[in-house]
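J.: Sequence:
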Amino acid sequence: MIDALAQPIVLPLDAKHHPLVQVITVAATASASALALCDRADPAWSRWLAGRFTKSVRVAKTRTAFAAALDTAEYVATVGDLSAAAFAPVAYAEMPKWMSQARVEGLHCAGELPDRAGCGEWAIGVLAQMSAGKAAAQVAHALCRIVLDTGSVPTFSLYQANADAHGVVEIIDAGLTEFGGVPTRTVVASRQ
1418 MIDALAQPIV
1428 LPLDAKHHPL
1438 VQVITVAATA
1448 SASALALCDR
1458 ADPAWSRWLA
1468 GRFTKSVRVA
1478 KTRTAFAAAL
1488 DTAEYVATVG
1498 DLSAAAFAPV
1508 AYAEMPKWMS
1518 QARVEGLHCA
1528 GELPDRAGCG
1538 EWAIGVLAQM
1548 SAGKAAAQVA
1558 HALCRIVLDT
1568 GSVPTFSLYQ
1578 ANADAHGVVE
1588 IIDAGLTEFG
1598 GVPTRTVVAS
1608 RQ
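For the sequence shown, the working numbering assigns the number 1609 to the last residue and increments by one with no breaks.
The set of hints was computed from the structure by calculation and includes no laboratory data.
One or more of the hints may lead you astray.
[Stated by the list, open to error] Below, simulated EDC-like cross-link-like pairs (lysine to aspartate or glutamate); rule was C-alpha separation at most 16 angstroms, straight line: (1) LYS1433 x GLU1511; (2) LYS1478 x GLU1522; (3) LYS1433 x GLU1529; (4) LYS1478 x ASP1431; (5) LYS1433 x ASP1532.
Turn these sequences into a full structure, and let the hints steer you where they fit.
T.: Laid out in structure tokens, this is it:
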């Protein structure tokens, strides 16, 4: 059996000390920007795009590991004083040691999402309660769908959406990690 591919997105060790909006925005932007600039004929990208587009938001264990991420990333996004490094999709077994050792679970950040979208070409609403890392991956999924539809990474703002919110892009998570095996609507996105 072929090992499933995931797109790693690596945050620095101090990510949990940044506001939730900033963490989600920088991780999603890095992911979508890497996709926008990639060679989609590359087998890693084409195989990944044909599947679930799984993303793995990780927190580097050390400053040295995050420096390695910055040096080898497909794309590095920066929002304020926070950077995120996004990579081409890779099988979990093929991740470099520093990446595979990066923490995947339990990223929680200060602050909450605003009740309404701010400025930007797109409004991206988070529906479900989840960790910051999971929310970042779900918003990245929506942003990647927008990139595939429009060809570029748009400006966007985040908000906490009501359960009945809808969008032209809707992400339903398979529930393999945080939702107890239950497929769950996580994110909606619409042009503003």
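J.: Between LYS1478 and GLU1522, is the straight-line Cα distance small enough, at 16 angstroms or below?
T.: holds, 12 angstroms
J.: Within 16 angstroms, alpha carbon to alpha carbon, are LYS1433 and GLU1529?
T.: Status holds; Cα separation ~13 angstroms.
J.: Is the hinted pair LYS1433 and ASP1532 satisfied, with a Cα-Cα distance of at most 16 angstroms?
T.: violated, 21 angstroms
J.: Regarding the pair LYS1478 and ASP1431, is the alpha-carbon distance no greater than 16 angstroms?
T.: holds, 10 angstroms
J.: Within a Cα-Cα threshold of 16 angstroms, do LYS1433 and GLU1511 meet the stated pairing?
T.: With Cα atoms ~27 angstroms apart, LYS1433 and GLU1511 exceed 16 angstroms; violated.
Checked against the numbered hints listed earlier, the structure breaks hints 1, 5; every other hint is satisfied.
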